[in-house]
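Asks: Oh and the sequence shown: position 162 is 162 in the UniProt record's numbering, straight run, nothing missing.
Read the hints as simulated data drawn from the structure, not as lab findings.
Honestly, I wouldn't trust all of these hints.
[As the list claims (entries may be wrong)] Listed next, with one range per pair, are the computed distances between beta-carbon atoms:
1) 44 with 170: 15 to 21 Å
2) 61 with 117: 30 to 36 Å
3) 114 with 64: 20 to 26 Å
4) 169 with 69: 23 to 29 Å
These numbers were taken from a predicted model, which means no experiment stands behind them.
C-beta atoms are modelled at their ideal positions from N, C-alpha and C, and glycine is treated no differently.
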Amino acid sequence: MTIQMPDTRPDHSDRSGAHAEISISIATIGDAPALRALHELSLVMLAADAYSPRQIHRLFVTRDTAPPGMIAAGRMLVARRHGFVVGSAGWEPRRFDGQPGAHLRSVFVHPLLTRQGVASALVRAVETRAMERHAIRFTLAATVNAVPLYRRLGYAAVAHGNLDLGDGLSFPVVHMARRVQSAHIDAED
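Please build the complete structure, drawing on both the sequences and the hints.
Replies: Written out as structure tokens, the structure is:
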């Protein structure tokens with residue numbers, strides 16, 4: 001999958017086109033180090049108003065945001081621009097009231113590419129892949145700063161929660177959910 005994105009480089013030295021392509025593909029285990037670095041950069045730069053440096057550090061010490069099992073199963077997608085990893089989104093299969101669903105995780109975008117459709121494209125691509133396995137309900141634990149994005153994508157807040165980071169530290173999140181009526185996502189969602 002390839003999407004056109006505005007070129008955000010300040011010098012615009014490559015004037016071959018007004019837009020740079022973002023490609024979305026299945027992550028490989030070789031992408032894991034770049035994914036983890038992107039995840040930390042993204043959270044440090046985009047969520048500094050919501051989380052302390054200690055909370056962010058402990059999150060990455062206690063959680064693997066690019067789990068090898070998810071990558072090996074083909075359930076982690078990566079966005080690339082000019083060959084560099086600039087975004088990710090993954091999912092885990094879940095069942096809700098006996099029906100297939102998916103829990104989205106590791107949705108991160110490079111700070112220079114926010115509000116340009118990269119996260120939306122990644123979430124929709126993950127939802128599409130999960131729906132190929134008949135998922136009709138999607139959940140996620142949103143960082144506080146990402147709640148507006150998920151609301152725009154049709155997710156509703158279900159509950160506020162905290163991830164236990166150990167050492168008496170927690171990481172506030174907003175649990176959100178979205179249900180689709182069929183195995184087709186409307187492009188207008």
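Asks: Please go over all the hints and tell whether each is borne out by the structure.
Replies: Results for each hint:
1. About 18 Å separates the C-beta atoms of residue 44 and residue 170, a value consistent with the hinted range of 15 to 21 Å.
2. Between residue 61 and residue 117 the Cβ separation comes to about 32 Å, which falls inside the hinted range of 30 to 36 Å.
3. Checked against the hint of 20 to 26 Å, the pair residue 114 and residue 64 passes, with Cβ atoms roughly 23 Å apart.
4. The given range of 23 to 29 Å is respected by residue 169 and residue 69, whose C-beta atoms sit roughly 26 Å from each other.
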